[in-house]
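Colleague: Line by line, the protein sequences give chains A and B. Note that the numbering used here numbers the first sequence so that position 43 is 43, with each residue one more than the last. Remember, the numbering used here sits 161 above the position in the second sequence when you count from 1.
There may be inaccurate statements among the hints.
Claimed, not checked - Chain B regions said to be covered by chain A (calculated; three or more residues, Cβ under 8 Å):
id: 1; segment: 184-195
id: 2; segment: 358-371
id: 3; segment: 387-396
id: 4; segment: 413-426
id: 5; segment: 833-840
id: 6; segment: 845-858
id: 7; segment: 869-877
Since the hints were derived computationally from the structure, they do not count as laboratory data. Every residue gets a Cβ at the ideal spot worked out from N, C-alpha and C, and that includes glycine.
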Amino acid sequence: MTIPVAMTVNGKPASGKVEARTLLVQFLREHLGMTGTHVGCDTSQCGACVVHVDGKSVKSCTMLAVQAEGAKVITIEGLAESAEKLHPMQEAFRENHALQCGFCTPGMVMSAIDMVKRHNYQLDEATVRRELEGNLCRCTGYHNIVKAILAAAPAMKSAGV
Amino acid sequence: MTAQTGIGARVKRKEDHRFLTGTGRYVDDLPLARATYAQFVRSPHAHAKIKSIDTSAAKAMPGVVAIFTGKDIADAKVGGLICGWVVKDKHGEPHKAPPHPVMAVDTVRYVGDTVAMVVANSHDEAKDAAEAIKIDYDVKAANVDLARALDKGAPEVHPEAPGNLIYDWEIGVKADVDAAFAKAAHVTKIDIVNNRLIPNAMEPRAAAADYDKGTGNYTLWSTSQNPHVLRLILSAFVLGIPEHKLRVIAPDVGGGFGSKIFCYNEETMVTWAASRVGRPIKWTAERSESFQTDAHGRDHVTHAELALDKDGKFLALKVETVANMGAYLSTFSTAVPTYLYATLLAGQYTTPLIYANVKAALTHTAPVDAYRGAGRPEATYVIESIVSKAAKELKIDPAELRRKNFIPSTAFPYQTPVALQYDSGNYPPIIDEAIKIADYKGFEARRAEAKSRGKLRGIGFSSYIEACGLAPSQVIGQLGGGVGQWESAQLKFNPTGNVQILTGSHSHGQGHETTFAQLVSDKLGVPMEQIEVVHGDTATTPFGMGTYGSRSLAVGGSAIMKAADKIIDKGKKIAAHLMEASVADVVFENGTFKVAGTDKAVPLAQAVFAAYVPHNYPITELEPGMDENAFYDPANFVYPAGTQICEVEIDPDTGVVEIVNHTAVDDFGNIINPMIVEGQVHGGIVQGVGQALLENAVYDKETGQLISGSYMDYTMPRADDVPSFKLGNKVTPCPHNPLGVKGCGEAGAIAAPAAVMNAVHDALAPLGVSHVPMPATSLNVWQAINGASK
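Excised from the complex, chain A in its bound form (with noise of 0.2 Å):
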């Protein structure tokens, strides 16, 4: 038995229909064919498939597609204003080289902004360690994504984003 579900995913109206075990990101992959949200893990501990729900930051595994009704869905497709101009936390990802295999960056984008916004574009490096409790890198040593949060904060206040 399938439900028809609609969302709008990334400004754009998207529905289809799913099963009801379906979750957020086999819809996204699968039903709709963004495969820039990623799946790492079965626990929902890696946070490689993270998206914005009605602008908060969601594990899109824990989350079921029909749970999403009506919902707001910003992926990492969704980011970037053009092709050239990235959002500035990604273009702080490239600057400081926060990304080496790139499996989890987009899980580790999309918790980074809303981490940003949370703390009113205000992070020490304390709090941004903290806060990554639920992204899991295994290339970088977290390293360079930390210092690329930092150098994010102020780059989206003046980009008011």
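Add chain B to chain A, keeping to what the hints say.
Modeller: Structure of chain B alone, referenced to chain A:
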């Protein structure tokens, strides 16, 4: 080339844009029309006989396309997986090589062993059907505890390896070492366990395969660090599909750390089944499958003794190690605790006599193979633990004891007593720099200050050596390796002047698309944006050996430089023709061919265009086109070295260890992109810190169940487990490759565990604690403290 993009510049990575915008393409992302999805049924038992498999209910489930079991594979005469490195034991006999069936036929040998494969129209349907397969097992006693794996009466894993012994191997002359011990003024002894690790690349392993009925060609997309090697193994040993009919593509791969070198059951099955199903098949491991079935790392039990004279000079080292192989021999498993471990036991020191005995044991656990550092972290942990312990026992400063025994810079090339010849190095300035950065002089004041807060502060050194840049093919052959270890490159210019670098190396996070482009940009003067690095596809790149053992720049980069030299040679001939000059008078500078002493000049792009539009061209003497291939076989390994200093604070009430400072100073030879190199070191250190403080693959010793089978149970390092790092570097160029480079990929993980554990022991020494097992979790530390105070 301009300073902004040439060798030594911190060039931002070309690959980042796609990874930051969600447009990377990993195996699971591939859209394959009419795809089916595979789910594997895995053994829930560590050791059992399969009495029966009933697939009838599963076959009737919705969406099921096919179900295969070990019997189908055996009937189809599919070969077993291979171990590609023959290690000869101390009697000269090759190691025991028990069969490694792609799917278990009548016996399962570890939790996670592959029993059946379900192919269905959707992943959920495949999972549902897999649960409906009924398997009747006759559960047997399991051999799980490595320390007892070789005991008489331990449950046998394979009849082909009596007593579970794969080999009993040695290096060095025991009698000479014993004689040196008899004369020693002091002997330091340690018993250590190098804890078992699970690699945990963030992208789980994945495979997708398609069979083209019209051509009879197979395509396998795989999360492989070495697609050509995977194809070779599948073709020549396992599936028998001729190499030219099998294309292996490793697209964007989300980290490997060794675990994606090997040929596994799943990609084999997916490829084999694709032609039978007649539709593409996709499989992606769930994380719990990765925990159970990715080749694990480390897992040694070691006793070591170091003999010193009255002045603290090392006289001899004796090492006895039992290494866990798991239930089957993975692709390079046998080499890891021998040629990548025991041959490194000289470390940075002049220890004149070394004897090591390594016994490789089978257990009913997942296969164990190379994981970041592969053997070298285990060797470093032995050496650097025993050296620090000796310093404590003799009341000599640990840095001083190391300095006293360093190989002097004048002694290179230096022949160690354990086969390797170190090509270059200068160790004292490295430790001096580390001491400076870490403010070692100020440590006792910091220790006292910490004490006033009720914290125990300790400091630990680890001076590592690494043989990497694998490797001279003839040496590898002599040691039993089954492959060559050269690397390939092709520089393919297009008529409009841009160029593709086709490399046999594979990037799964290392940033080759940037570093390799920097090499060519620097050498040939081509702007970065006109260079494309192509890798990971057997149909487009020259045969390559792939990426592992910190080899891509030292070996793959050298191949690129050789190909660039050929481009310059050919370009000179073309330019000489265009300038009506003698080839001998043509020089190549900053991307332009010139005739010395004249204003005649031909930019490379013009020579390239002439090569493709050869209207005015020495056509009778020179082929058209600008497309050069090179293979590079290194003359020796490369030998990066460095010192890490770790400083910890321990809360004696809880046993919690906090790393408060961590310094790493390395000699990687010349550095192409410092930004990327530093990133490799950061990541390596954290994997080493993970081993030292957090990570431990635990099997229940009775049942063989993997207790640490998820991120809920296996502690991955998180951002708040580590500090930011202080790095430094010193350079002694590698004398035998054209770039003067060494490898940087594994160093962090090689040195860090000993640095951290030495710091922990230093912190706890005032309490009389002499040994904390690794990982130094709060529980292990608390128990050590409270055991010691009883």
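Colleague: All hints, please: hold or fail.
Modeller: Results of checking the hints against the structure:
1. Counting residues of the segment 184-195 of chain B whose C-beta lies closer than 8 Å to any C-beta of chain A gives 7; at least three are required, and the coverage claim holds.
2. Closer than 8 Å: that is the beta-carbon criterion, and the segment 358-371 of chain B has 5 residues meeting it against chain A, so the requirement of 3 holds.
3. Look at the segment 387-396 of chain B against chain A: 0 of its residues bring a Cβ nearer than 8 Å to a Cβ of that chain, fewer than three, so the hint is violated.
4. Only residues whose C-beta sits within less than 8 Å of a C-beta in chain A count toward coverage, and the segment 413-426 of chain B has 5 of them, enough to reach three; the restraint holds.
5. Counting residues of the segment 833-840 of chain B whose beta carbon lies closer than 8 Å to any beta carbon of chain A gives 4, which reaches the threshold of three, so the coverage claim holds.
6. Counting residues of the segment 845-858 of chain B whose CB falls under 8 Å from any CB of chain A gives 4; the rule of at least 3 is met.
7. Beta-carbon proximity to chain A at under 8 Å applies to 4 residues in the segment 869-877 of chain B; the threshold of 3 is reached and the given coverage holds.
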